[in-house]
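Peer 1: Listed below, chain by chain, are the residues.
2 protein chains.
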Amino acid sequence: MKDLLGNKKAVAHICLVVNDIEKTSQDYADFFGIEKPSWFWAGGQNKEGTIYRGESTDAKAKLAFFNIDNLTVELIEPDNGPSVWREFLDKYGEGFHHIGFNINGMEKTLSLMGENNMPTLQRGGKEDSGWYSYVDTRDTLKIMIELLEGY
Amino acid sequence: MKDLLGNKKAVAHICLVVNDIEKTSQDYADFFGIEKPSWFWAGGQNKEGTIYRGESTDAKAKLAFFNIDNLTVELIEPDNGPSVWREFLDKYGEGFHHIGFNINGMEKTLSLMGENNMPTLQRGGKEDSGWYSYVDTRDTLKIMIELLEGY
Chain R
240 MKDLLGNKKA VAHICLVVND IEKTSQDYAD FFGIEKPSWF WAGGQNKEGT
290 IYRGESTDAK AKLAFFNIDN LTVELIEPDN GPSVWREFLD KYGEGFHHIG
340 FNINGMEKTL SLMGENNMPT LQRGGKEDSG WYSYVDTRDT LKIMIELLEG
390 Y
Chain V
240 MKDLLGNKKA VAHICLVVND IEKTSQDYAD FFGIEKPSWF WAGGQNKEGT
290 IYRGESTDAK AKLAFFNIDN LTVELIEPDN GPSVWREFLD KYGEGFHHIG
340 FNINGMEKTL SLMGENNMPT LQRGGKEDSG WYSYVDTRDT LKIMIELLEG
390 Y
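Taken in order, these protein sequences are the chains called R and V. Take the position in the first sequence, starting the count at 1, then add 239; the result is the number in this note's numbering. Take the position in the second sequence, starting the count at 1, then add 239; the result is the number in this note's numbering.
One chain only, chain R, in its complex shape (with noise of 0.2 Å):
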């Protein structure tokens, strides 16, 4: 039996990108009747850098986070820059991205998922925070997934 993810089988966050971070937010903690998180910039260039479809990119992205019982919902507004927030927006509008999975050994797993027809979009991270990466398994599983190392 094949195990692709290989780690604790839970998912982690569910993440949308959005056109408007502030509205969309406050919407949410009205529908949880939580308070609205405030939103911050990740990404943007590194001494690590951030891959996008094989190039350096200096591509940002606002993020605000819903921590509910079971799991964590992101909401994503990217700036202008090249990234898999930015190609997905553009192309199907704003709605679901990707559900993400926290694993142990990203590159194993990268390499295993690789030769299982899931190809990997957009990397980065930090050092003291944690690694990402977003692997295209649309084909397969008819959903992009973000995978999670550290955080």
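Simulated from the structure, these hints should not be mistaken for laboratory data. The C-beta atom is built at its ideal place from N, Cα and C for all residues, glycine as well. Don't take each hint at face value.
Below 27 Å or equal to it, Euclidean Cα-Cα: the simulated DSSO-like pairs (lysine-lysine) are [stated by the list, open to error]:
id, chain 1, residue 1, chain 2, residue 2
1, V, Lys381, V, Lys299
2, V, Lys301, R, Lys248
3, V, Lys330, R, Lys275
4, R, Lys381, V, Lys330
5, V, Lys262, R, Lys381
6, R, Lys381, V, Lys241
7, R, Lys248, V, Lys241
8, R, Lys330, V, Lys381
9, R, Lys241, V, Lys247
10, V, Lys248, V, Lys381
11, R, Lys381, V, Lys299
12, V, Lys381, R, Lys275
13, V, Lys299, V, Lys262
14, V, Lys299, R, Lys247
15, V, Lys248, V, Lys365
16, V, Lys248, R, Lys301
17, V, Lys262, R, Lys347
18, V, Lys275, R, Lys241
19, R, Lys347, V, Lys275
20, V, Lys248, R, Lys262
21, V, Lys347, R, Lys275
22, R, Lys247, V, Lys275
23, V, Lys301, V, Lys365
24, V, Lys241, V, Lys330
25, V, Lys347, V, Lys248
26, V, Lys347, R, Lys381
27, R, Lys262, V, Lys381
Pair ranges (Cβ atoms, derived) [claimed, not checked]:
id, chain 1, residue 1, chain 2, residue 2, range
28, R, Leu351, V, Gly288, 39 to 49 Å
29, R, Ser277, V, Asp308, 27 to 37 Å
30, R, Lys275, V, Gln265, 40 to 50 Å
31, R, Asn306, V, Asp297, 51 to 61 Å
32, R, Lys275, V, Lys347, 49 to 59 Å
33, R, Gly344, V, Asp297, 18 to 28 Å
34, R, Gln265, V, Asn343, 16 to 26 Å
Far from chain V, some chain R residues (derived; all Cβ distances over 10 Å) [stated by the list, open to error]:
id, residue
35, Pro276
36, Trp280
37, Gly288
38, Asp318
39, Glu326
40, Arg362
Chain V: place on chain R using the hints.
Peer 2: Below, chain V without anything else, positioned relative to chain R:
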């Protein structure tokens, strides 16, 4: 502060619509490293009826569930009858369809959501199992939701 969901703040499931539930179920089983679940038919005309956009419908769908650690991943392959699943699949293709929440008090929740620009798209279920409603929250939450009671 508004609180439209008014209940436990947990995502019960994430649901995708697919064209071939057998194939995509195998791909998810390989991804998670778990056994492929059997699918079963749901929907169809029953004495309570299924209501889609205000009209009775005999649409059915094949359902498969992956119960992972913190939630369920649901796959739906609809038949060609009019339904929120078929509408979505024809318009957007395979992929993410909605997230589901367990609630208490379907009528008051649907009423409150309706007053907040979240109209009901489809309702169904059975006395002996439970009741569901699809609510169109795309204008505010940028995705659709399902409310579940009694399951």
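Peer 1: Work down the list of hints and note, for each, if the structure agrees.
Peer 2: Tested hints:
1. With a C-alpha separation of about 26 Å, the suggested pair V:Lys381 and V:Lys299 falls inside the 27 Å cut-off, and the hint holds.
2. At roughly 24 Å between alpha-carbon atoms, V:Lys301 and R:Lys248 fall within 27 Å of each other, so this suggested pair holds.
3. For the hint linking V:Lys330 to R:Lys275, the alpha-carbon distance of about 32 Å lies beyond 27 Å, and the restraint is violated.
4. At roughly 15 Å between alpha-carbon atoms, R:Lys381 and V:Lys330 fall within 27 Å of each other, so this suggested pair holds.
5. Under the criterion of a C-alpha separation no larger than 27 Å, the hint pairing V:Lys262 with R:Lys381 is consistent with the structure, at around 11 Å.
6. At roughly 34 Å between alpha-carbon atoms, R:Lys381 and V:Lys241 are farther apart than 27 Å, so this suggested pair is violated.
7. Our distance criterion of 27 Å between C-alpha atoms is broken by R:Lys248 and V:Lys241, whose separation comes to about 33 Å.
8. Taking the CA atoms of R:Lys330 and V:Lys381, the gap is about 15 Å. The hint holds against a cut of 27 Å.
9. This hinted pair does not check out: R:Lys241 and V:Lys247 have alpha carbons roughly 35 Å apart, beyond 27 Å.
10. Proposed proximity of V:Lys248 and V:Lys381 is supported: the alpha carbons are some 18 Å apart, at most 27 Å.
11. Restraint check for R:Lys381 and V:Lys299: the C-alpha separation of about 21 Å stays at or below 27 Å, so the hint holds.
12. Distance restraint check for V:Lys381 and R:Lys275: the Cα-Cα separation of roughly 17 Å lies within the 27 Å cut-off, and the hinted pair is therefore satisfied.
13. In summary, the hint linking V:Lys299 to V:Lys262 is supported, as the alpha carbons are separated by about 19 Å, within the 27 Å threshold.
14. With a C-alpha separation of about 33 Å, the suggested pairing of V:Lys299 with R:Lys247 is violated against the 27 Å cut-off.
15. The suggested pairing of V:Lys248 with V:Lys365 holds, with an alpha-carbon distance near 25 Å, which does not exceed 27 Å.
16. Pair hint V:Lys248 plus R:Lys301 holds up; C-alpha atoms about 24 Å apart against a cutoff of 27 Å.
17. The straight-line distance between the Cα atoms of V:Lys262 and R:Lys347 is roughly 25 Å, inside the 27 Å bound, and the hint therefore holds.
18. Simply put, V:Lys275 and R:Lys241 have alpha-carbon atoms about 11 Å apart, close enough for the 27 Å limit, and the pair holds.
19. For the suggested pair R:Lys347 and V:Lys275, the alpha carbons sit about 24 Å apart, so the restraint of at most 27 Å is met.
20. Taking the CA atoms of V:Lys248 and R:Lys262, the gap is near 20 Å; set against the 27 Å cutoff, the hint holds.
21. Taking the CA atoms of V:Lys347 and R:Lys275, the gap is near 24 Å; set against the 27 Å cutoff, the hint holds.
22. Straight-line distance between C-alpha atoms of R:Lys247 and V:Lys275 comes to about 17 Å, which keeps the hinted pair within the 27 Å bound.
23. Restraint check for V:Lys301 and V:Lys365: the C-alpha separation of about 17 Å stays at or below 27 Å, so the hint holds.
24. Of the pairs offered as hints, the one joining V:Lys241 and V:Lys330 is violated, with about 32 Å between alpha carbons and a cut-off of 27 Å exceeded.
25. For the suggested pair V:Lys347 and V:Lys248, the alpha carbons sit about 17 Å apart, so the restraint of at most 27 Å is met.
26. Using a Cα cut-off of 27 Å, the hinted pair V:Lys347 and R:Lys381 is violated, with the two alpha carbons roughly 34 Å apart.
27. Annotation: proposed proximity of R:Lys262 to V:Lys381 holds, straight-line Cα distance about 11 Å (limit 27 Å).
28. Evaluation of the 39 to 49 Å hint for R:Leu351 and V:Gly288 yields a pass: the beta carbon distance comes to about 47 Å.
29. For R:Ser277 paired with V:Asp308, a C-beta distance near 29 Å keeps the hint of 27 to 37 Å intact.
30. About 41 Å separates the C-beta atoms of R:Lys275 and V:Gln265, a value consistent with the hinted range of 40 to 50 Å.
31. Taken as a hint, the range 51 to 61 Å is violated for the pair R:Asn306 and V:Asp297, whose Cβ atoms sit roughly 41 Å apart.
32. Distance hint check for R:Lys275 and V:Lys347: the Cβ-Cβ separation is about 24 Å, which falls outside the suggested range of 49 to 59 Å.
33. About 49 Å separates the C-beta atoms of R:Gly344 and V:Asp297, a value inconsistent with the hinted range of 18 to 28 Å.
34. A beta carbon spacing of about 25 Å between R:Gln265 and V:Asn343 agrees with the range 16 to 26 Å that was offered as a hint.
35. No beta-carbon of chain V is positioned within 10 Å of the beta-carbon of R:Pro276; the least distance is around 13 Å.
36. Listed as a non-interface residue, R:Trp280 keeps its Cβ farther than 10 Å from every Cβ of chain V; the least gap is roughly 21 Å.
37. For R:Gly288, the condition that its CB be more than 10 Å from all CB atoms of chain V holds, with the nearest at approximately 28 Å.
38. The beta carbon of R:Asp318 is kept farther than 10 Å from every beta carbon of chain V, the shortest such distance being approximately 18 Å.
39. The Cβ of R:Glu326 sits about 15 Å from the closest Cβ of chain V, beyond the 10 Å cut-off, so the non-interface label holds.
40. Here R:Arg362 stays apart from chain V, with its beta-carbon at least about 20 Å from theirs, past the 10 Å limit.
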